[in-house]
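Chain A is fixed; fit chain B with the ligands onto it per the hints.
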Amino acid sequence: MTQRDDPAPDGMPKLLCRNLWKIFGQNGAATLEALGPEAAPAQFAARGHVPAVRRVDLAVNTGEIFVIMGLSGSGKSTLVRCLSRLIEPSAGEIWFNGRNLLTASESEMRELRRHKMGMVFQHFALLPHMTVLQNVAFPLEVQGIARADREAKAREMVSLVGLGGREDAYPRQLSGGQQQRVGIARSLAADPELWFLDEPFSALDPLIRREMQDEFLRLQSVLKKTIVFITHDFDEAIRLADQIAIMKDGLVVQSGTPEEIVLHPATDYVAEFTRAVPRAKVVRVASVMRDATGPTPAAQVAATAKVADVAAQFLTEDSVCVLDAEGEICGHLHRADVVSLMLGG
Amino acid sequence: MRGLIPWVVAVLAFWAFTRFGATLAPWAFDWPRAAILPAARWITAFTKWLLNEAHFGLFTFQDLTRAISAVIGAPYRVVTGLLSEGFAGLPPLPWIAVIGLAGLLGHRAGGWPLALLVSGCFLFIAVFGKWTSAMITLASILIAVPIGVAGGLALGLAAYRWQIFARAITPVLDLMQTIPVFAYLVPILILFGFGPVAAVIATVIYAMPPMTRITLLALRRVPDELRDLGHMIGCNRQQMTWRVMIPAAKEGLMVGVNQVIMLSLNMVIIASMIGAGGLGFDVLAALRRLDFGAGLEAGFAIVALAIALDRVSQALAHERPQALPRHVYLKAGLATIALAAVLALILPAAQTYPAGAQLSTGTFWGEVVKWININYFDTLEAIKNALLINLLIPFKRFLIALPWAGVALLLAFCGWRLGGWRLAALSGGLVVAIAATGLWEEAMTTVYLCGISVAIAMLIGLPIGIAAAEKDSLWRGVRLAIDTLQTLPSFVYLMPAVMLFRVGDFTAMIAVVAYAIAPAIRYTALGLQGVDPRLIEAGRAMGCTRWQILTRIKLRLALPEIMLGLNQTIMFALSMLVITALVGTRDLGQEVYIALTKANPGRGLVAGLCVAFIAIIADRLISASAARARQKLGLGT
Ligand SMILES: Nc1ncnc2c1ncn2[C@@H]1O[C@H](COP(=O)(O)OP(=O)(O)OP(=O)(O)O)[C@@H](O)[C@H]1O
Ligand SMILES: [Mg+2]
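Those protein sequences? They're chains A and B, same order as listed.
The numbering of the first sequence is the numbering used here, which starts it at 1 and goes up by one.
The numbering of the second sequence is the numbering used here, which starts it at 1 and goes up by one.
If we strip away everything but chain A, and leave its shape as in the complex, we get:
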């Protein structure tokens, strides 16, 4: 049942949106046209419209975790619902695998969602009258897959998320964390290429949240999906993201790698979030290493590792070798640099 992966055309990201707008209220598109893209939110509000998403540009590459971070009401859910066309954008373009989603017909969109997209919801969205297994098998059932096949696949997914043995439980008999595992299993049942997660862990307690984040990273290391992950929690974003976009009042105020954002916040608003983030947890070894000169140290670390994760090495070493993706030595990391980064905050 594995899907043929439509690769994105050369050089094009898996998912791309350009100048995307969503204005809530009657005839949002016409209002946008009338007021023009430079209009202030208050001008929309005066006409009873809510400009929830404004001129958003995003590019999500194959296999990466793209996190959209913003406070409540900043338009994250609206954006992700536009990307999956659960709601119709007021203006802009969305390209998925090199085709324009906004020109897809309803039935084409249905096929795309059935086979290529999965979504995890903040409040789990489990159907209360179905067991865990039935919930997970539901997307396959909708596709008309025979019962034995879909249940086998669902069982596989349930054990993948660590819920083996609870197949016959009803959602209300599970804890919040377990319910979200079911939601995750369900969203993966149809082997999607593009995986949307709308604040999947926000409704969970902090300890469980952390556990689920680890679980999520573990899953992704196996599955290698292209992911759009929504959160209002900056720490969560830093922890999970390959790329982050920070939203405020419907605008993307900055996007980049966690490291870029923490080291070079574009606005005071972003700086406010980054202030409390320990630099060593974000900065990669490659950013602080020096040229490989002098004797070669015995210990080795990867260039992509976070500095905080390799800090323990310096209890015994003065410097370590840094290896690039090919395993070649590309530099040395010195204790002094690590210490100053960690103390510097």
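The set of hints was computed from the structure by calculation and includes no laboratory data.
All values derive from a computational prediction rather than experimental measurement.
There's no promise every hint is true.
Said to hold, decoys possible - Derived DEER-like restraints, expressed as beta-carbon distance ranges: (1) A:THR103 - B:ALA433: 53 to 63 Å; (2) B:PHE165 - A:ARG55: 30 to 40 Å; (3) B:ARG479 - A:GLN173: 22 to 32 Å; (4) B:ARG552 - A:ALA45: 37 to 47 Å; (5) B:LEU480 - A:GLN173: 26 to 36 Å; (6) A:GLU272 - B:ARG552: 42 to 52 Å; (7) B:LEU480 - A:GLU272: 56 to 66 Å; (8) B:ALA34 - A:ALA45: 51 to 61 Å.
Claimed, not checked - Short derived list, chain A residues pointing at chain B, Cβ under 8 Å: (9) MET117; (10) PHE121; (11) ALA125; (12) SER340; (13) MET342; (14) GLY344.
Claimed, not checked - Listing some non-contacts, in silico: residues in chain A with all C-beta distances to chain B over 10 Å: (15) MET12; (16) SER72; (17) LEU86; (18) GLU151; (19) LEU204; (20) ARG218; (21) LYS224; (22) ASP337; (23) LEU341.
Backbone N, C-alpha and C fix where the C-beta goes; we use that ideal spot for every residue, glycine too.
The following block gives chain B with the ligands in isolation, referenced to the frame of chain A:
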């Protein structure tokens, strides 16, 4: 307090107009005879035209009604055959089989306790010799409920999908729920003839609007996320409706099903007037003979049926994971039927409950009434007369003497102050419409009976509600009582009232109070319990006494809710009032009832619409003032 001045001015002006206006403008008191709208004649003529001449090209209107009758009649005959008459030479299901099946259904829905309760109710009916009547009533319900549920569901789904349809259907639903049931019995009688099929149709029409409304509400309450989920996994329309939305809305929908069942029972009883037969007919016949014992017994059988149906349908709303698989019940059901059939062949008593073993309390109740009349006749009579002379009659005279024009202006003023021009136009306009039909006096009689009954119901209900809200144990008891009261068909309330006070306005009032008191209690208690506990704590911290907390905090904050209770009480009272026409009131209900007996659809519908107008005026004005009260308290809308 400045807001009071316009009210005082308006009331003074109204008083002056009433007092001195009669000579200046007599037309404002009595609607000129020449200007009365012959609406009744128009409607009657229209019905005649429909019946005799209307033609839709391929078929006539009469063909259509005949087709509907046939579609409903066929399954009805099957079910009555099964339950009470037998068919193709076979006897009907033995009574023990029916009791067994009822028990199984109870077990499926709620385990052994419910199984026992349900079989117990049916056994009660058999023992008291009401089996045949009860099975006829049950057959009508078994036909009407699926049609009502399916129809309501379809309309609700349509309203959910198309905003325009929702907007178009809402006023129709409002009107349907306020028009008294008698009023549309008449046209149905004309169109479909006398008999059980017409009764089933009336029942379906009566029970469908709440189902439609509840369906729409339940679907709208389904969380957005579940809807998004359906789209995300690529459901098509049907899958979206049947696999996602309806299962997700199931609990709400089952409330609707319960409503349909209870309303159907109520209506099937009332529809005995157009030939439904069964228990309703027994009550009606007893009422006409003034045979209290027989009427009360039939009433008890209705209560037993109501309790069984209500509890089962409520229990079905909740998933019961420990219930046995469906096929077990299916097999057990077939086994029960087979066993009972074999037993019935050997033992006639298993086929029909032996007449010799029937109990009858009829004579007992007759004796009770006699005893009460011998010992308490004077007391009861004294109470009745005192209230009639000092309260009911003066109030009635006062209302009837009011000028319609003054009432229209005063209510329009209320509407304007409470909700703006639209409400003013609606209230005033409806008053004028009532006056224009020439039924002003009957309408005022309705208002007087309704007003007095509601006042008494509130006077009794408020303290009970307040007391119940203070004490949990009391509330549990009270709630059980009012829940049970509310499941009883309105017909049942007439019997005891007639037993004690015979016929007349006073009897009607007693029955209406008994019927309408439940919402007065319920909304008061719920409103008080819903007050934010932090505010009560704050009051206690300031050193308020219990009394102060109650009057200064709780009652103030619960006011909007209590007003909704008042609103419901009025609606209940109006719907009961029409039925009390059977005990000889002289109001709009009587008009409808007469129209029913004379099969005059115009007269019935016009009077029915007048009742609906009164209900709509009361409903809109009270809702508007409740909304204002909420706004003032900052409770949002
Ligand atoms: N259907 C709608 N109609 C009108 N306005 C809407 C609608 N849905 C969302 N909005 C508005 O759009 C803005 C963005 O909402 P959105 O739900 O996308 O925020 P969010 O970032 O997901 O917030 P949260 O963290 O609370 O989920 C908000 O101001 C919200 O009130
Ligand atoms: Mg959101």
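Comparing the hints with the structure gives:
Between THR103 (chain A) and ALA433 (chain B) the beta carbons are some 55 Å apart, a value that agrees with the proposed interval 53 to 63 Å. Range check, PHE165 (chain B) to ARG55 (chain A): about 37 Å between beta-carbon atoms, so the 30 to 40 Å window is met. As the Cβ distance of ARG479 (chain B) to GLN173 (chain A) is approximately 29 Å, the hint placing it in 22 to 32 Å holds. Between ARG552 (chain B) and ALA45 (chain A) the CB atoms are about 40 Å apart, so this pair conforms to the stated range of 37 to 47 Å.
One distance hint, 26 to 36 Å for the beta-carbon pair LEU480 (chain B) and GLN173 (chain A), holds here, with the actual separation near 30 Å. Taken as a hint, the range 42 to 52 Å holds for the pair GLU272 (chain A) and ARG552 (chain B), whose Cβ atoms sit roughly 46 Å apart. A beta carbon spacing of about 57 Å between LEU480 (chain B) and GLU272 (chain A) agrees with the range 56 to 66 Å that was offered as a hint. Look at ALA34 (chain B) against ALA45 (chain A): about 58 Å separates their beta carbons, and that is inside 51 to 61 Å.
At its closest, the beta carbon of MET117 (chain A) sits 7 Å from a beta carbon of chain B; the interface hint therefore holds under the 8 Å criterion. Interface hint at PHE121 (chain A): satisfied, since its Cβ lies 5 Å from the closest Cβ of chain B, which is below the 8 Å cut-off. Taken as an interface hint, ALA125 (chain A) checks out: its beta carbon lies about 4 Å from the nearest beta carbon of chain B, inside 8 Å. Hint status for SER340 (chain A): violated, given a least beta-carbon distance of 47 Å to chain B, over 8 Å.
Interface hint status for MET342 (chain A): violated, as the beta-carbon distance to the closest one in chain B is roughly 42 Å, over 8 Å. Annotation: GLY344 (chain A) was flagged as interfacial toward chain B, and the flag is violated, the nearest CB pair being 43 Å apart, outside 8 Å. The non-interface label for MET12 (chain A) is consistent with chain B: the shortest C-beta to C-beta separation is roughly 24 Å, beyond 10 Å. Listed as a non-interface residue, SER72 (chain A) keeps its Cβ farther than 10 Å from every Cβ of chain B; the least gap is roughly 16 Å.
Listed as a non-interface residue, LEU86 (chain A) fails to keep its Cβ farther than 10 Å from every Cβ of chain B; the least gap is roughly 5 Å. Here GLU151 (chain A) stays apart from chain B, with its beta-carbon at least about 16 Å from theirs, past the 10 Å limit. The non-interface label for LEU204 (chain A) is consistent with chain B: the shortest C-beta to C-beta separation is roughly 16 Å, beyond 10 Å. With a cut of 10 Å on Cβ distances, ARG218 (chain A) stays outside the contact zone with chain B, its closest approach being about 24 Å.
For LYS224 (chain A), the non-interface assignment is confirmed: its Cβ lies about 21 Å from the closest Cβ of chain B, beyond the 10 Å cut-off. The Cβ of ASP337 (chain A) sits about 47 Å from the closest Cβ of chain B, beyond the 10 Å cut-off, so the non-interface label holds. Residue-level check passed: LEU341 (chain A) sits 42 Å from the nearest beta carbon of chain B, beyond 10 Å.
Checked against the numbered hints given earlier, this structure breaks hints 12, 13, 14 and 17; the rest are met.
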